[in-house]
Each structure stands twice: as C-alpha cells, then as structure tokens.
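Protein chains in written order, with the working numbering: chain A, 1 to 214; chain B, 1 to 214; chain C, 1 to 214.
Hints should not be assumed to be uniformly reliable.
The list treats identical chains as interchangeable, and a pair is accepted whether it falls inside one copy or across any two copies.
[Said to hold, decoys possible] Under the rule of at most 20 Å between Cα atoms (straight-line distance), these lysine to any residue pairs were calculated in the SDA-like manner:
#1 K106 to A77
#2 K106 to R59
#3 K106 to D52
#4 K106 to G161
It should be emphasised that the hints constitute simulated quantities derived from the structure, not laboratory data.
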Amino acid sequence: MLYALDLIGTFVFALSGAFKGRKHELDWLGVTVLAVLTGVGGGLMRDMLLGDTPAAAFRDEWYLVACLLGAGVVIVAAPGVAKRWNRVMIADAVGLGLFAALGAAKAAEHGLGPIGVVMMAALTATGGGVIRDALVRELPAILHKGFYATAALIGGIVFLGLNALDFSEPFALGAAAIVCSALRFYALVKNVNLPKAERLNQAPAELSNQPPEK
Amino acid sequence: MLYALDLIGTFVFALSGAFKGRKHELDWLGVTVLAVLTGVGGGLMRDMLLGDTPAAAFRDEWYLVACLLGAGVVIVAAPGVAKRWNRVMIADAVGLGLFAALGAAKAAEHGLGPIGVVMMAALTATGGGVIRDALVRELPAILHKGFYATAALIGGIVFLGLNALDFSEPFALGAAAIVCSALRFYALVKNVNLPKAERLNQAPAELSNQPPEK
Amino acid sequence: MLYALDLIGTFVFALSGAFKGRKHELDWLGVTVLAVLTGVGGGLMRDMLLGDTPAAAFRDEWYLVACLLGAGVVIVAAPGVAKRWNRVMIADAVGLGLFAALGAAKAAEHGLGPIGVVMMAALTATGGGVIRDALVRELPAILHKGFYATAALIGGIVFLGLNALDFSEPFALGAAAIVCSALRFYALVKNVNLPKAERLNQAPAELSNQPPEK
C-alpha cells in the first residue's frame with residue numbers, strides 16, 4: 001500500500017517534470033531526463049547525503065519505470081493529462097506527504113538529529129523539483145513560494161514529535177504523511193500563497209492548481 | 001589501452017569545458033574549474049550515486065592531470081585547438097563511447113537493473129556536460145539536442161544486451177563503446193540533429209562539428 | 001577553539017547566503033534554504049565525494065543551528081548586519097581559511113593524492129557559494145572572480161607542503177588556515193581583483209568589501 005502510493009507519487013512528480021520540459025520545448029529525451037530527475041531526484045540527493053548507496057531508486061527499478069511512464073504519458077497525451085489536472089494535483093499532494101514522511105523516517109534510521117530529520121523530509125519531497133527548475137534555468141519554486149516546502153517541513157516535524165513520544169514508526173510515518181498531504185491539499189483548495197502576478201508565468205506546474213501551459 | 005583512451009576522453013571533455021569557459025569570458029581559474037567538472041563530473045555523479053567512494057577521479061590523479069592539461073592547452077593555445085577541431089571531435093566521440101561503456105559496466109558491477117545500467121551509461125557520458133552548461137547558465141545541451149545522449153543510451157543498451165547474452169565483460173564493453181562512438185561519429189559527419197537556427201549561438205562546443213566561437 | 005571557529009565560519013557563510021536570498025526577494029523559507037546550503041554546501045559535496053556519510057553537517061547539528069541562526073539574523077536584522085559588514089568580512093576570511101584547511105586535512109585522511117587534496121580544500125571553502133549562486137541563477141562568483149578560490153587553493157597547497165615535510169597535522173592545518181585567511185584579508189584591504197564595472201551588480205556579498213545591497 002505504502003509502496004504503491006510511493007510509486008504513484010514518483011509518477012506524478014515525473015509528470016510535473018515532463019510538463020516543465022514541454023513548456024521549454026525540449027525534445028523527447030530532454031522531457032524524459034526532466035521527468036526522471038523530478039521523480040527520483042529528491043530521493044537521490046537524500047541517499048547520497050546519508051550514504052545509503054546505491055541510491056534506492058537504482059535498487060528498485062519500478063521507481064525508474066514510474067518516471068519513464070510519466071514522461072511517456074506527457075509526450076503522447078499531454079492535453080489529456082492537462083484536462084485532468086485536478087486529479088494530478090491531488091496525487092501530487094499525496095506524493096508530497098509520503099515523500100516527506102519517508103525521508104524523515106530514513107533520516108531518523110540513519111541517526112540524524114531533529115533538524116537533520118526535518119531537513120531530509122523537505123529535501124526528499126522538494127529536491128526533485130529544485131533540480132528540475134535549476135536545469136531549465138528557472139528560480140527554484142520552493143525558494144520564492146513557500147507553502148509547498150512548508151508542508152513538507154511540517155510533515156517532518158510531525159514525524160519527529162510522534163517518534164519522540166514513542167509512537168510506532170508506521171504510525172508516525174502515516175500521520176506525518178497525512179498531515180503534510182492535508183495541508184498541501186488545503187492550500188490548493190484555498191489558494192493559500194497565491195503566486196505574485198508578475199511571476200505567474202514561471203509558476204511550476206505543481207505549485208498551481210491550474211493545468212500547466214503547454 | 002582502455003585506460004589511455006579513458007584519459008584521452010577526459011582530456012577532450014576538459015577541452016570542451018575550457019572552451020565554454022573562454023566563451024563566457026571567465027578568468028583562468030573559472031576556465032580550469034569548468035574543465036575539471038566537464039572532464040570528470042559525469043564520473044563523480046555516477047560514483048556518488050553508486051557509493052563507490054572516494055570517487056574514482058580522486059583515487060587516480062591522472063584523471064585530474066588530464067583535466068588540468070585540457071584547461072592549460074585552451075588557456076595558452078586556444079586558436080591552435082580550434083584549428084584542429086575536427087580531431088577534437090573525433091576524440092570526443094571516442095571518449096563518449098568509452099565513458100558510456102565504462103559507466104554501464106560499473107553500474108552492472110554494483111548490481112543495478114537494466115534501466116539503471118542504461119541511465120548510468122548516459123550519466124557518465126553526459127553528466128559533465130550538464131554541470132558545465134548549468135554553471136554558465138545555458139540550457140544543458142542534452143535536454144534539447146538529442147543525439148549526443150542518445151548515442152550514450154544506445155551504447156548502454158548494447159552493453160546490457162551482450163552482458164545478458166553472457167558475452168565476456170571486456171567484449172561487451174568494447175562493443176558498446178565502439179557502437180556508441182560510431183553512432184556519434186556518423187551523426188557528426190551527416191550532421192544529424194542539426195541545432196535549430198535560433199539556438200545555434202548557444203550550441204555547446206561538443207555538439208557542433210565546427211570550432212567553438214572564442 | 002577550532003570547532004568554535006568552524007561554527008563561526010558556517011554562520012558567516014550562512015549570512016552571505018541569506019543576504020543573497022533577500023537580494024532576490026525570496027520569502028523567509030527561500031532565504032533559509034540559501035543560508036543552509038551556503039553554510040554547509042561545500043562540506044556536503046566534499047563528504048559525498050569522499051564517501052564520509054552521513055555528511056558531517058548532519059552528524060553534528062550545531063552546524064545546522066549556525067546556518068539557521070545566520071538566516072534568522074538576516075531576516076530580522078539585515079540593516080544591522082550590513083552596518084557591521086567589515087566585521088562580517090573578517091569573519092568570512094577566517095571561515096574561508098578554516099574551511100580550506102579542514103577540507104584539505106579530511107581529503108588527506110581519505111588517502112587522496114596532492115591534486116585531490118588541493119581541490120577538496122577549494123571545494124569545501126567555495127562549494128557552498130557555487131550552490132548559492134547557481135540556485136539564484138547568477139554566474140558562480142568563483143568562475144569569474146579569482147581571488148577568493150585562489151586563496152583557498154593556496155591554503156590547500158600550504159597544508160600539502162607542510163604535511164609532506166612531516167609537520168604535525170594540527171600545525172599544517174593551522175598554518176594553512178592562517179595563510180589562506182591572511183591572503184583573503186590582504187585582498188580585501190588592498191581591493192585585489194576588483195570586480196569589473198559592468199559586473200558589479202551581480203557581485204556576491206562575500207566577494208565585495210562593501211555591504212551587500214538589500
């Protein structure tokens with residue numbers, strides 16, 4: 001179940017990377033590269049920093065398959081995905097929460113302190129998006145639009161608190177993921193942290209509750 | 001022999017990084033930094049992701065020497081290199097094939113699955129160029145001009161296929177390198193995937209069969 | 001003592017990252033992310049390349065605390081910091097020397113050769129600044145303004161030489177740090193390597209002896 005959600009999250013993150021690639025008129029290979037890096041980039045950075053190598057995304061190929069599927073869907077059926085963008089955003093919020101919770105849990109297993117655990121939650125959840133934006137020369141979204149990463153940070157804090165209170169890891173992990181996803185979902189519905197007008201054009205797909213421009 | 005080709009590939013990749021540095025009017029240090037990162041950057045990322053540390057380029061200093069030589073040659077004799085650019089492109093194609101094959105072989109040794117092996121081939125061969133372009137704020141060449149990375153991907157697939165068919169590793173490695181280099185060489189000669197006119201000015205040295213602008 | 005200086009260096013590097021974030025009008029989270037990455041980014045890259053994981057900055061949380069403090073100070077009291085910019089630059093020179101010397105020592109412990117040791121000195125001292133500049137889409141300062149990284153390289157060479165002459169590691173480390181910091185301090189006072197006029201606007205805080213623009 002957790003594993004299936006994790007794969008869905010990876011797939012949806014890959015969608016956002018692939019859309020960004022199309023927006024910048026990359027060829028199919030560029031779109032695929034962005035999809036893969038957005039889908040697994042946060043986890044790759046986490047694993048390199050923790051020394052858990054080869055990185056998890058390379059030990060279980062289904063993550064890479066999910067990324068390639070995401071790229072393929074956008075390459076062959078972008079308008080269809082854009083039409084269902086609301087569902088993509090819901091899946092993205094689920095992925096965000098799960099990535100944050102899994103990142104926090106992994107950091108705790110590797111003995112990191114509280115600040116490190118919270119940072120790893122945010123890095124796992126947002127690192128892929130930072131790589132994606134940096135490669136197409138956009139200012140990384142999390143640097144100037146706070147709520148996406150903020151939800152991940154809060155998810156990390158929830159995990160940390162429940163873990164310190166001796167709740168079981170599965171419970172802490174689930175609660176952290178749900179809180180983070182719920183916050184993100186609430187922000188989407190209420191349009192919290194609306195991007196400033198003059199920056200709307202460079203708003204990355206996953207920070208907007210509108211379909212990305214194609 | 002393989003080792004000598006590997007060093008030559010590193011040297012030629014460093015040349016392309018150093019030329020890019022000159023194009024952006026960096027000082028000698030900036031040119032050297034770009035040369036080193038282009039020469040060994042792909043291998044560094046591969047080794048960090050696989051956990052083969054300290055990274056290979058730091059265990060055998062001849063790779064760094066090759067990079068410094070590449071930087072030095074461009075700093076003191078750029079016009080001479082530009083005049084012999086055809087030879088540089090041939091050496092670059094050889095380096096591309098070798099890097100792809102060695103990356104694939106190393107990934108297989110670390111137990112990666114087929115997708116991971118092919119991706120590591122492409123990462124090893126093109127990662128340095130991505131770092132180079134990102135640092136000077138150009139859209140990474142492989143994101144919008146496909147054939148360079150495509151040749152590396154195909155090289156990785158060839159290695160994978162021959163390995164699965166139980167050919168010896170040296171044979172699989174050699175065949176993968178030759179196929180990748182030959183494809184790249186053919187693309188150069190036939191001008192496959194000619195860059196679009198409006199992007200020609202930002203065409204990175206190694207994707208063009210013309211001398212880079214100075 | 002060494003440890004305290006290291007924390008102060010991290011704090012000051014974080015200040016420069018946070019100022020850069022304010023210059024680009026990032027929100028509080030973006031400012032904090034830049035502060036953390038500038039403060040510990042060089043060390044993170046060094047540790048990933050050497051395979052010393054989890055990276056040191058995550059094993060001892062005081063480094064992260066120093067970064068968060070740096071971000072906090074700039075968020076709540078930027079004008080006060082800017083007024084005392086001369087002191088910040090002195091602390092920055094101390095941090096540069098210390099980071100370079102510690103990077104060189106760690107590289108030598110991991111068995112790197114002379115070129116690798118010198119490069120790790122420069123990477124540790126300047127890597128955070130490169131990440132900072134790349135994320136806000138500025139040409140990394142060390143690529144076009146030489147003296148900052150040059151001082152770090154010279155610090156690495158001093159460590160290497162004293163180490164080869166069988167001086168004790170603490171002595172080599174201290175001497176390398178002092179030489180590097182002194183060179184940087186001298187360059188500040190004498191305005192060595194004044195940025196070219198047309199690039200002054202993108203001069204990063206720590207390369208200028210003037211307060212950063214806000």
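Results for each hint:
no.	hint	in the structure
1	K106 to A77	neither (35 Å within a copy, 36 Å between copies)
2	K106 to R59	both (16 Å within a copy, 14 Å between copies)
3	K106 to D52	both (10 Å within a copy, 17 Å between copies)
4	K106 to G161	within (15 Å within a copy, 35 Å between copies)
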